[in-house]
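Engineer: Each chain, letter by letter, is given below.
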Amino acid sequence: MDATALLDRYERMNVIRRTEKAAHDLFLQGLVKGTTHLAAGQEAIAVGASAALRPDDYVFATYRGHHHALARGATPEECLAELMSRATGLCKAKGGSMHLTKAATGMLGSYAIVGSHLPMAVGAAWSARLRGTEQLAVAFFGDGATNIGAFHESLNLAAVWKLPVLFVCENNLYMEYTPIADVTAVPRPAADRAPAHGIPGEVVDGNDVVAVEEAVGRLARRARAGDGPSVLEAETYRHFGHSRADPAAYRPAEEVERWLKHDPLDLARGRLAELGVGEETVAGADERARAVVERAVEAAKAAPPPDPREALTDVWADGGAAWRT
Amino acid sequence: MADVITYRDAVAEGIAREMRRDASVVCLGEDIAAAGGVFKTTTGLLEEFGPGRVWDTPISEQAIVGAAMGAAMTGMRPVAEIMFSDFLACCWDYLANEIPKVRYMTGGQVTVPLVVRTANGGGLGFGAQHSQATENWALTVPGLKIAAPATPADVVGMLAAAIRSDDPVVFFEHKGLFATKGPPPPPGHVVELGRAAVVREGADVTLVALASTVPLPLKAAGVLAGEGIEAEVVDLRCLVPLDAATVLASLGRTSRLVTVEENPYQGGWGATVVSVVADEGFTLLDAPVRRVAGECVPLPFADSLEEQVIPTVDKIVTEVRRLAAY
Numbered sequence: 001m002d003a004t005a006l007l008d009r010y011e012r013m014n015v016i017r018r019t020e021k022a023a024h025d026l027f028l029q030g031l032v033k034g035t036t037h038l039a040a041g042q043e044a045i046a047v048g049a050s051a052a053l054r055p056d057d058y059v060f061a062t063y064r065g066h067h068h069a070l071a072r073g074a075t076p077e078e079c080l081a082e083l084m085s086r087a088t089g090l091c092k093a094k095g096g097s098m099h100l101t102k103a104a105t106g107m108l109g110s111y112a113i114v115g116s117h118l119p120m121a122v123g124a125a126w127s128a129r130l131r132g133t134e135q136l137a138v139a140f141f142g143d144g145a146t147n148i149g150a151f152h153e154s155l156n157l158a159a160v161w162k163l164p165v166l167f168v169c170e171n172n173l174y175m176e177y178t179p180i181a182d183v184t185a186v187p188r189p190a191a192d193r194a195p196a197h198g199i200p201g202e203v204v205d206g207n208d209v210v211a212v213e214e215a216v217g218r219l220a221r222r223a224r225a226g227d228g229p230s231v232l233e234a235e236t237y238r239h240f241g242h243s244r245a246d247p248a249a250y251r252p253a254e255e256v257e258r259w260l261k262h263d264p265l266d267l268a269r270g271r272l273a274e275l276g277v278g279e280e281t282v283a284g285a286d287e288r289a290r291a292v293v294e295r296a297v298e299a300a301k302a303a304p305p306p307d308p309r310e311a312l313t314d315v316w317a318d319g320g321a322a323w324r325t
Numbered sequence: 001m002a003d004v005i006t007y008r009d010a011v012a013e014g015i016a017r018e019m020r021r022d023a024s025v026v027c028l029g030e031d032i033a034a035a036g037g038v039f040k041t042t043t044g045l046l047e048e049f050g051p052g053r054v055w056d057t058p059i060s061e062q063a064i065v066g067a068a069m070g071a072a073m074t075g076m077r078p079v080a081e082i083m084f085s086d087f088l089a090c091c092w093d094y095l096a097n098e099i100p101k102v103r104y105m106t107g108g109q110v111t112v113p114l115v116v117r118t119a120n121g122g123g124l125g126f127g128a129q130h131s132q133a134t135e136n137w138a139l140t141v142p143g144l145k146i147a148a149p150a151t152p153a154d155v156v157g158m159l160a161a162a163i164r165s166d167d168p169v170v171f172f173e174h175k176g177l178f179a180t181k182g183p184p185p186p187p188g189h190v191v192e193l194g195r196a197a198v199v200r201e202g203a204d205v206t207l208v209a210l211a212s213t214v215p216l217p218l219k220a221a222g223v224l225a226g227e228g229i230e231a232e233v234v235d236l237r238c239l240v241p242l243d244a245a246t247v248l249a250s251l252g253r254t255s256r257l258v259t260v261e262e263n264p265y266q267g268g269w270g271a272t273v274v275s276v277v278a279d280e281g282f283t284l285l286d287a288p289v290r291r292v293a294g295e296c297v298p299l300p301f302a303d304s305l306e307e308q309v310i311p312t313v314d315k316i317v318t319e320v321r322r323l324a325a326y
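These protein sequence lines map, in sequence, to chains A and B. 157 is the number that the UniProt record's numbering gives to position 157 of the first sequence; each next residue is one higher, with no gaps. 159 is the number that the UniProt record's numbering gives to position 159 of the second sequence; each next residue is one higher, with no gaps.
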């Protein structure tokens, strides 16, 4: 990857990191209700994968999906407005943190029932095949999702129909509060199971945006060539706990320290230096990211709440919610 | 076309008509292709439309309905078969949490035009895990349309409306009706979802029924007519949208109401119909309302036991006589 491309990826990751920090701060200020599942620390997967995809590819994410929505075309302003229950939110304040969706750019949703979206991605890939578009569908999911039935049903169906779908596991070592290794019989919860369904399973450093982009690019080309689905297990770490309620005290201090030193932004900065990109250039990217997110926070704060009448719209395709004729 | 068509053949006919007119309609499900469906309700589809549009799946109900959802979100109109309605429980997450909510929670960004077809109900001695009438499960979930035809012509017409619907539809085909026959539907036959039918007129009591329970009040009405009681029979056809207006209008003519449902009394759709009537039609009533419904037990195996727990003509006649004497 050349310096210009890497600087672009770095700036995108920086925007996501700062948006997550803003979400955290706004929650503490009482401006975000419910909960949030922050993806700070996992930005390289969303940015690297998205950079390797076509704009018309489909992406399905989980309740920890801020980074995917941002990487796939949602702006910090519309994401933060959604979290802050504003009318200008990405989903008109009907979805919230766990359901960020931007269908117009192929970000087909964030789903909060663990693993439920894997079959949807299979269906989107099937649809692409039926329509002959060479589009790809990508399902991003956590390590915890690998132990639900739909994971196996999806891998099998995608394999037997040889569909252009990519299963990207963000293995951040914890299934909510429990180490994934304590509840899983194989060391690589996603990649180790792929061969059992007749498809390749690879492992990548999920904090290295260059490695992720390269791996997703290769598997995407394979899928578009008609060679079927694959599993990519990206090893990563979340900087925060599972959700706002979780201080993550169960994580060993040296583990946290080791992973914080393996930060995706630091890694990218190191690579930029190796490519001869000066510190002032990197600082320029930092400043642009800071300004974008700062403006987004102010704009979201200034946005109005949703019209209460919106509560009774958008159930049906005609825009209404009537269950009687 | 023949003078009569079976309910079973009407299913394949209804799907085929839509597949002919719209290339985005595709089918998926267990044993639906070469086998033609375990109930022979998809016979001929593979032959006419080929494996590119009629797809056999593994026994993976979550993947079937989840994939149908993903395909529906991206430009197709999938028709998914879940073999027995009892198996809807295996993919209940999709019917309760994913499909009906995605439009709402994305602020209207996503449309899910899919149909989940399933064989519903008892009466054939299939035992507790293959005999339930489960339409009341779906009725608890805002965002699903629910269709349950009673006649072959309605099967075709309501399938047309369901497949053309931009909203998700759960389509209950009743196992006990598959062998029944009726007039064939004319070309282009479409029955709008949410339009009940008054299938027998009468001035003394309104019997509201759905799918398998439509023939029962029609037979009961024959018995009752011999006793001087004229029953009006309303076939709801759909639970969502619910045509409460037709029920209330009928009640305006008869002033007495009996609902006839196969699902258990506990949580059944009849309770919803009755509550609407209590809310909006109380002054129309000259007698208490009655619900003939399934007993609140798992479906037993033996015919003699099964008959005890699902609605029968005798049970309906008994309830109407009590009401008429009120």
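FYI, nobody ran anything at the bench for these hints, they're computed from the structure. Be a bit skeptical, because a hint or two may be false.
Here chain B is said to cover these stretches of chain A; the calculated rule only asks that three of the stretch's residues, wherever they fall, bring their Cβ under 8 Å from a Cβ of chain B [claimed, not checked]:
1) 27 to 34
2) 169 to 182
3) 277 to 291
Partner residues aside, some chain A positions facing chain B, computed with beta carbon under 7 Å [said to hold, decoys possible]:
4) T105
5) W126
6) S154
7) G226
8) W323
C-beta atoms are modelled at their ideal positions from N, C-alpha and C, and glycine is treated no differently.
Engineer: Confirm or reject each hint.
Structural biologist: Outcome of the hint check:
1. 27 to 34: Violated, because only 0 residues of the segment 27 to 34 of chain A bring their Cβ atoms closer than 8 Å to Cβ atoms of chain B.
2. 169 to 182: violated (count 0)
3. 277 to 291: violated (count 0)
4. T105: With a minimum Cβ separation of about 11 Å from chain B (threshold 7 Å), the hint on T105/A is violated.
5. W126: holds (5 Å)
6. S154: holds (6 Å)
7. G226: With Cβ-Cβ at 15 Å, over 7 Å, it is violated.
8. W323: It holds, given that the least Cβ distance between W323/A and chain B is near 5 Å, below 7 Å.
The structure is inconsistent with the numbered hints 1, 2, 3, 4, 7, although it conforms to all the rest.
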